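Asks: Dock chain B against chain A, hints included.
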Amino acid sequence: MSKYIATRAIRGANALVTEAEVMLNKALKEKGAETPVSFPNTAYYLPTILGMTGIEVTKLSDLPPVLEQARKMLHPLPSGKHWTPYLGETLDSGMSTLLAAEVIEAIRFVYGLQPERMPEDFTLAGGTTYGGANGHGHLNGPIDDIQLRSWGIQLVDGRMPGFAAIVGCAKSNEVAVKIVRELQRRNILTFLSGNVNGRSIIDQLHEEGVELGYDTYTVPFGTDTLSAIYALGFATRSALTFGGMKPGMSREILNYNKDRVFAFVLALGEVDDLKYAAAAGAINYGFPVIADTVIPEILPTGVTTYEHVVSMPFDQIDGKDDLEKAERLVQKCIEVRGVKVKVSNVDVPVPYGSAFEGEVVRKADLRVEFGGKYARCFEYLHMAKLDEVTDGKIEVVGPDFSSVEPQGHMDMGIVIKVAGRQMQADFEPVLERQVHYFVNGASGIQHVGQRDIAWIRVSNPAADKGFNLEHFGKVLHARFHEDFGAIVDKVQVTIYTDPKLHAEWLEKAREAYDFRNKRLADLTDDKVDEFYSCTLCQSFAPDHVCVVSPERLGLCGAYNWLDCKASFSINPTGPNQPIKLGKLIDFQKGYWEGTNDYAKIGSHGAVPEVSMYSIMENPMTACGCFECIVMLIPEANGVMVVSREDTAMTPAGMTFSTLAGIAGGGLQTPGVMGVGKFYLISPKFISADGGFKRIVWMSSVLKESMADEFRAVCEREGDPDLLDKIADERNVNTVEDLLAWLEAHNHPAMVMDPMF
Amino acid sequence: MAKKREINEYSTDPAAQQMLIRAEELGIGTAFTRADAMAPCNIGSAGMCCKQCGMGPCRLTKEGDVGVCGATIDTIQARNLTRAIAAGSAAHSDHGRDMAFLLKATAEGEAEGYMIRDIAKLRMVAGYYDIPVDGRAPEEIANDLADLYIAQFGQQRGEAVPIRRATKKRQALWRERDVVPRGVDREVVEALHRTHIGDDQEPEHILEHAIRTSLADGWAGSMIATDISDILFGTPAPVLGQANLGVIKADMVNVVVHGHEPSLSEMIVAASQTPDVIEYAKAAGANGINLSGICCTANEILMRQGIPAAGNFLHQELAIMTGAVEAMVVDVQCVMQALVGLAENFHTKIITTSPKVKIKGATHIEFEEHKAMTIAKEILKAAIDNFKNRDNSMTQIPDIKEDLIPGFSHEYINYMLGGSYRASFRPLNDAIMSGRIRGVAAIVGCNNPRSSQDYLHNLVTKELLKQDVLVVQTGCGAISSAKLGLMLGEAGLSEVGAGLREICETVGIPPVLHMGSCVDNTRILTVLTQMAETGGLGDDIDQIPAVGLAPEWMSEKALAIATYCVASGAYVIFGGASPVGGMPDRVSDSDAVLKYISVGWEEKYGGKLEFIPDPQMMIKATLEHIDKKRAALGLPEYDPTRFGRSGDAEMLKLEALPLAEKRKAVYGLAAD
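So the sequence lines, in the order shown, correspond to chains A and B.
When we follow numbering that gives the first Met the number 0, the leftmost residue of the first sequence carries the number 0, and every step to the right adds one.
When we follow numbering that gives the first Met the number 0, the leftmost residue of the second sequence carries the number 0, and every step to the right adds one.
Derived from the structure by calculation, the hints contain no laboratory data.
All of these numbers come straight from a predicted model, not from anything done at the bench.
The beta carbon of each residue, even a glycine, is placed where N, CA and C say it ideally should be.
A portion of the hints provided could be inaccurate.
[Said to hold, decoys possible] Covered stretches of chain A, going by a simulated chain B footprint (3 or more residues, C-beta under 8 Å):
#, region
1, 246 to 254
2, 310 to 317
3, 365 to 371
Isolated chain A (complex conformation):
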């Protein structure tokens, strides 16, 4: 700290705790002690309070002890002369500020004042669900557990290097947009809150038509400073979700954030007492503060990894114009936090980065589309000999889309020819699936699907900036080299719009798809002699280890056996290592000496044995980014499958969020397992316990989105109508109802052997 900052932060903390006390007393009087208190769709109660104090707040009367604790950590202001030390005292006061801020936001929820209202034309591009008011006319408020988990894999594998909590208002709308774009370009999550003299960066971005929401990595929390607490709630939950920390392990949670969550606070505009106080709270998490105004700097390190507080007065930044200054400001933030950013330098006329992956191109903005209802689009990647590929050659065969009318469509095929000494035919589909992510990274381009059901849209702004067909090639060439340089030496891309050649190549592609399908079908656990480990999540969940086999993909859904194999080729010392199976112990349950030994080592002794095919005996552990949870329903002699997207109550009496607490964190809990959704259709899905037929209940979102795959599984299992016998949340929410349903639908689980 410095005395200047300490004085203001401690003063701000004292004021806020008092304000929280007044609000709480009022709420207790007006609403009553038993009034429920919660944030939307989270199993972590009020997460900062839960993490720091271990208190599970469910009603107003749980809050007074929180504020008592907050008050205890307040301190008097440093004396004008002959002061006593203030650093520890300021950090404590900062923590008081966070506790008080979360209490206030919780009370605001009670009064219906959160999420903050916005004009009706304000729409979130993906956000927390609030009953009816879904993304229209309000800010996001706190991030829900669903989103936290779905970002999980990106946070842990470094694709999303960290988050920026922006508080205040930028010098101009132009600067606000530039700052956010610079962060998006680096895939840094951006949380927005606060204002200066009533004007918020959220207003600035909204006025400029910047899409805000989960899909664009920019989450508007609220236009006051207090809402920045949601950023710290997110940080706290990431330690609880992925780090295996328990509520109340405050020191561990804070250190986890310092060491693993690369976040920082960017204060735009005047910094007042409350902002200083909140910043002191953030510093407890190891998050440094960068201001674009003059404030005293705190450059010594220790509580944060690098500098604690950095002042970079906007007008004094080197740069030919405000845009360049804004860019430098963002660079400085990254440097101060030590964020490890991987920027793709892709030579296209639109901004490029993972943050743009979620962008949707709406009909109104559409310039042209390939695929979809009216056209055919495919993508096909195949390997060739080194001398058959000209690296960097990009050809467009056929007409470009300039002649297509606005909002029109045309056929297109993307054929990628790669060569490399380490390249194997097995990697073709692995690489081909990347086309989706690579193409989507371009701002204003939307990619859906894969193979011959790909569907690509180009927006008007992108086309106006000069984006053309050749740029697909540029994107792919650059990204394949960048991400797969270890196995790919040469990349050549041909874009076919010529109808004759398009048809010819589509035929070739389909032959290849068929071949691969057969190969994949043949690729079973008993045909290989090694599985792969996946410890990608260990940066976040230190004791968890995935064992990935051909018939069981990683629980995050992002890594199958071939992916792991490719990843091992790319980085032989990386997170995916071959596990030699060695002696088979029990094929039914899926025990090998090799997998057991690996579980022991990989989990640092926490998991001595792991069964590949059973949920009941030594099931595989999970980090926190699983796509769904499988859980035993003892009364039904079967299991339910809850999707990450499902926020409704399940027959187990718990929502996904609550269940996730049991399934995650690297804990081995018989009867509970976090899995990737494609594991559900594997013949090895809990095969030791009876397989797919054990599923008695499944979230409808899953049932519908994978209906075709499930129908095929039902055929395979010899019960074509099985899917219809599985209950979901639309008709069953309790065990009693479930049993009645199973009885009525004659579900096979009712007559199967007991599960335990």
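Replies: Relative to the frame of chain A, chain B by itself:
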């Protein structure tokens, strides 16, 4: 006969100078004048005199001289030094023993007026020794801890338990060298035995036991004393206090507590705040009772209660010289016999309180923990009764005092660097690793009238601060910096190099941290251990860029402290004369022991003890050592120009501008 020095050569402290002038006016001798009159024995001070048996004393002054028994110079020096270390260890440890008994009595509810004030520390300390804490009353835990600690003194075999608080590497080294203390008393007794006529006569072997004896002090006796003082009286945290003779008040009954143990002084503090005692003082015509301290008793109550310090060791006579002290209450250690004769010139009562310490002519009111409060009141009433005897014509109080912020226990240092949630030594280690802090110096120890009071202390301290060396202090050395205002946050802005300034400003600390009394040097061991364990500065104390200094040492305790610091891996520099200096210019190899405790010990323990009288050389040696350790760790070379950008100064300048200009300068256009 030594030459008589000028007043300003006696002390650099203006308050002391005033009192020394007063002493001259009154024709009263002090330690300063007696030091002039008493030239030190040159054979004894070289460590070459042996009076261990009735065949001597043997004075070895010539090449090839041996004692009657054949003892060589180096054997005699090693024995003399070891005996001094044993005496010093005994003094600290006996203090620790009394604290352990007091903890036991408190746990059993038999100590009048005492209570367990710091339950958190009790639980933490108990935790080191696997004493169960959960679900137990503090008294139960304290009872177990007291039993364990009492047992450390008489333990015959095994290892003194606090040893396990050292770094793993250090413990292994001690075990390998077989110097882990078994029990405090056993090591002291063995030291006396081994140095008896006709025993251990291999100097290095004798000195290995000096190491073991000192460890029984630093990692047992003293550490126990500090632990229990904190448990019973509270772990120190920063508090505003004052130092120097100006704290004595003309209109009040002045009671000066002097000595070392907090058990009595804390009780006197408590008693002085009771209404009946205050009333009694007022009835005697005074405006109340004014307590102040001398020496380490001063430090104990200063760092916990903010009770002012009248001064350090050499102020004990000068305080009486003010003519305004009704009673000087003393317990153990560093209490001059001269006080009684001096006090006869005034009305001051010298009250001895320890069953171990009586001084001829002094009033003895024996302290006993079972009725501590009663005795404390009795002592205060005796002082108040004496108020009427004060002769105002004989009263002269220097109007000189300085504020300070003491109270830097290692627990608080840990807290101050990260708050309740993130407390750690990381920021301190980072500061050293980056080079903002070049290194750490512990400048401790006594006053010695043979040098100018506080002169060496302050000169070395001030220069090291300018060189970005963070200074921690204990004992009488601490009071000398306090008197100079170096223990204030302001000094952290103005008296230091640019890098250290940033750290002081970030944390809000003075550049010189007051860590307690001389028995509290164990706090420094704990800090160094925690720094090593935090990482980045090696894995043991001997790798940390840190130096211990005692520029004005005089007591045997100082030698014990120096030795346990060396054994823990520290480089220790003493000012003044070496007790084993020999006469190398006249007798060759008579400095073998002197060299051995430097080079020899460094090879074995990574730490060394050296005697450097010249303050400039002391500073040079300190900085060279720090830089050497920095280089060994691969840290960037110290560069005084690299840091100093952060802080409030710029902001405060802008804040002073008129509003419109200020807005533009601070917020630019961003706020509009």
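Asks: For the region 365 to 371 of chain A, do three or more residues have a beta carbon lying closer than 8 Å to a beta carbon of chain B?
Replies: violated (count 0)
Asks: Please verify the coverage claim for the region 246 to 254 of chain A: does it have three or more residues whose C-beta sits within 8 Å of some C-beta in chain B?
Replies: holds (count 4)
Asks: Does the region 310 to 317 of chain A contain three or more residues whose Cβ lies closer than 8 Å to a Cβ of chain B?
Replies: holds (count 4)
The structure does not agree with numbered hint 3 stated previously, though it agrees with all others.
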